[in-house]
Amino acid sequence: MAGRWAEIRRTASPAELYTLLYALPKGGDLHNHLGGAGLPEWWYAVATDPKRNGGQTFYTRTRILNAGPSGIDWRGRNIDTVYWVTIRESAWKKLAPAVREEFKPLGALTPAEKQEWLDAVRLDRPGEGRDEFFEFTWVRLNHLVQDAHAVPEILVENMKAFAAEGVRYLELQAPAFGMSDPDGRVLPGDEMAARYEARLAQPDAQATGVTVRFLGNVLRFAPTAEAEVRRMYAFLAAHPARWVGINMGGREDNDKGFPLRFLNVYREMRRQHPGIGISIHAGEVDEPNAHVRDTLLLGATRIGHGYNLITDPDTMLLMRHSRFMVEINLISNQLLEYAADIQAHPFPEYLRTGIPVALNTDDRGMWDSNMTDEYYTAVREFGLTWAETVQLGRTSLEFAFVPADTKARLLAEYERDVAAFAVRFGGADWREALKAVKPATYGYAARKWQLRFN
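Counted from 1, the sequence shown has number 1297 at position 199 by the working numbering; the numbering is strictly sequential.
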């Protein structure tokens, strides 16, 4: 297949190359925030369908009347001047009558308003970057990403979409705490875990064939973050079959989230809880620092992003041919302005100096993208060989936080699927074989490469 791959890469049209990569087996996605993984259209469909959202009506702010404080916040921040903030009906009913007038039911939006709402929860316009993402996009989804009915629905939508493009393993950073019912009741973590299990047991989820595991995520700059790490470890230890590791996220340029703040609590937790995987965001910043090295010291075996690892040569040497890997997020790093020029991304340097890497989608719903977009970016921009391309999927499974027997099964299935792909597309008639592939693209591919298939 290596020779044919080089020929295809050289002679295929953009649409042909994308179609081929859509059909490619891709292993797993290890860096995926479930709350950010829902395409806007999926959120809208769930939010306006009482059969899928627990019988609720969701409201969104369509105008600002300065009618007084709403009491609606985002992590303690006043958001009364933010359009398209979405709340559940039980919260809307508690608003003062004048404040209620700022909101409309999602299902009652005009076509123009609906389009504005959809566009408000994805990065699709010039000038929208990390500040828009961190400070506004999540804020607008608000009660939807905290909803104990809606989020499991978004999980299954992801399973279906990923299965269609050859992803067979998902390790999602899923919310366990702070999730609530239609009446606003906050569910205990154990109850939310049961909600996920119930949804995963449904026939449509089972039919995808996708293996799902979860990571707990702690907001690194929160004042109570150390206590949250302890709470998360206890929760993970109680649910080891599905919840396989811990992550920490949040803006690294917030000076209260530096890695060494957590050294003592991670050492404390390791004394109490064996076998819990650690994957932590690190190096998702512009400036050089030692965050990747310090995060390895916390016990992490996987680094999320690792964008500025390239500025730390000693840690790069440590990670070459090692049991540490970097979860690469090409589109995320581009849209959030860490790599405005994707050609400057350090991914190929890591790959070709022996640092284990795999491609991931991060917050794919907010990028309006998929895993094929990540592979297309990598192959198109960096000329990946067949061996390099296939190794990406293999590495994703080799570093999955699953027991040895599950990992062996996933790897065997991956190698089987790769071999079948090589037979299917390795001949001179590869273009004919492509005709049976029906790729799906979203807004990112349309805007970036003018690729539209559906």
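No wet-lab data here; the hints were simulated from the structure.
Take these hints with a grain of salt, some might be off.
Listed next, the in silico DSSO-like pairs over lysine-lysine satisfying Cα-Cα at most 30 Å (straight line) [stated by the list, open to error]:
hint	residue 1	residue 2
1	1202	1192
2	1258	1192
3	1533	1258
4	1505	1546
5	1212	1202
6	1192	1212
7	1546	1212
8	1533	1546
9	1505	1212
10	1546	1536
11	1258	1505
12	1212	1258
13	1202	1149
14	1191	1258
15	1202	1191
16	1212	1533
17	1191	1149
18	1149	1354
19	1212	1191
Hint check:
1. 1202 <-> 1192: holds, 15 Å
2. 1258 <-> 1192: violated, 37 Å
3. 1533 <-> 1258: Given that 30 Å is the threshold and the Cα spacing comes to 22 Å, the pair holds.
4. 1505 <-> 1546: The given pair, whose Cα atoms are some 35 Å apart, is violated under the 30 Å limit.
5. 1212 <-> 1202: holds, 11 Å
6. 1192 <-> 1212: holds, 24 Å
7. 1546 <-> 1212: Given that 30 Å is the threshold and the Cα spacing comes to 23 Å, the pair holds.
8. 1533 <-> 1546: Holds. Residue 1533 to residue 1546 sits at ~23 Å (cutoff 30 Å).
9. 1505 <-> 1212: With Cα atoms ~43 Å apart, residue 1505 and residue 1212 exceed 30 Å; violated.
10. 1546 <-> 1536: holds, 20 Å
11. 1258 <-> 1505: holds, 21 Å
12. 1212 <-> 1258: holds, 24 Å
13. 1202 <-> 1149: holds, 20 Å
14. 1191 <-> 1258: violated, 35 Å
15. 1202 <-> 1191: holds, 12 Å
16. 1212 <-> 1533: violated, 35 Å
17. 1191 <-> 1149: holds, 21 Å
18. 1149 <-> 1354: violated, 42 Å
19. 1212 <-> 1191: holds, 22 Å
Checked against the numbered hints given earlier, this structure breaks hints 2, 4, 9, 14, 16, 18; the rest are met.
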